[in-house]
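For reference, each letter of the sequence shown is one residue, going 5 to 262 in the working numbering.
Because the hints were derived from the structure by calculation, they are not lab data.
For clarity, every value in this text was computed on a predicted model and none was experimentally measured.
Every residue, glycine too, gets a C-beta built ideally from N, C-alpha and C.
Accuracy of the hints is not assured; some may be wrong.
Stated by the list, open to error - Now the in silico label distances, taken between C-beta atoms and shown as ranges: (1) Gly212 - Arg94: 18 to 28 angstroms; (2) Asp73 - Ala227: 26 to 36 angstroms; (3) Gly96 - Ser34: 44 to 54 angstroms; (4) Arg84 - Gly220: 15 to 25 angstroms; (5) Ala72 - Asp251: 14 to 24 angstroms; (6) Ser51 - Gly212: 14 to 24 angstroms; (7) Ala202 - Ile134: 45 to 55 angstroms.
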Amino acid sequence: MGGPRYVSVSDCLLCALESRFSELRRLGISDVRVFADLGKAVMDLASLGRAAVFIESFNSMVRMIGNADPHADEKAMLERVASELIGRLRLGDDVLDYVRLAASANSVDIHEGYDFRVEDFVDRILEEPIWLGTDPASLRSRLGNVRSVAYLVDNAGEFQFDLLLIRKLSSMGVDVVVYARSRPYEVDVTYDYVASLARNFRVRALPGNYSAFWYGDVVNELAGYDLVISKGLDNLETFMERKPGLDNVLFLFRLSAR
5 MGGPRYVSVS DCLLCALESR FSELRRLGIS DVRVFADLGK AVMDLASLGR AAVFIESFNS
65 MVRMIGNADP HADEKAMLER VASELIGRLR LGDDVLDYVR LAASANSVDI HEGYDFRVED
125 FVDRILEEPI WLGTDPASLR SRLGNVRSVA YLVDNAGEFQ FDLLLIRKLS SMGVDVVVYA
185 RSRPYEVDVT YDYVASLARN FRVRALPGNY SAFWYGDVVN ELAGYDLVIS KGLDNLETFM
245 ERKPGLDNVL FLFRLSAR
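All chains, please: the whole structure from these sequences, using the hints.
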């Protein structure tokens, strides 16, 4: 097919359908017309590329069910669980410990075959990450020399661990600006929520609920930072799709089977 490419068109569309249908089931929606209309919306979006299929199908879903933030209760629960877990951790002064936590906390998502379990979140929070394109010593040195960081946040729950890293970087004299979606998308935190917790860092609202890498003006801003820390798979996949040409991005995420 022409236009924007997917890694696999069929797999991507199947994943989008399963993600949205799973959401409808979790939200207690049983009206077959909603499933049919949402399935048609996904197919109509197919030629626009991966990011548009996922974001716009979510936007179509919230319009259909009349709930702009259908995962609000779930997000509050995830933030509460994460906050309680953090209270049990003993953290030292090494900034890499905070990087490890931010990476391993990326375990909340909504997609085909994925079922978030609080027990897994707790059990795997101290998991050692796989380092690709860098190593602990090199990254520690780099973080000690950066003066400006853009931080692209992702899901609720893991955001509590992002806050630890953000505040650690701020305490090191780094100017941190957090970029968050201005409108809800799945279980991602939004600008209003992040801004309510902002201490010693600034928050930037994205124009909508796409990844920061979707917006040309935002990409131009990101190029001006010493480092961009990007959380989550959606940011990585949008980066791969849009090819923004940035060479200052550190991706922190956890892969799970789709």
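Unmet hints by their number, sorted upward, for this structure: 1, 4, 5 and 7
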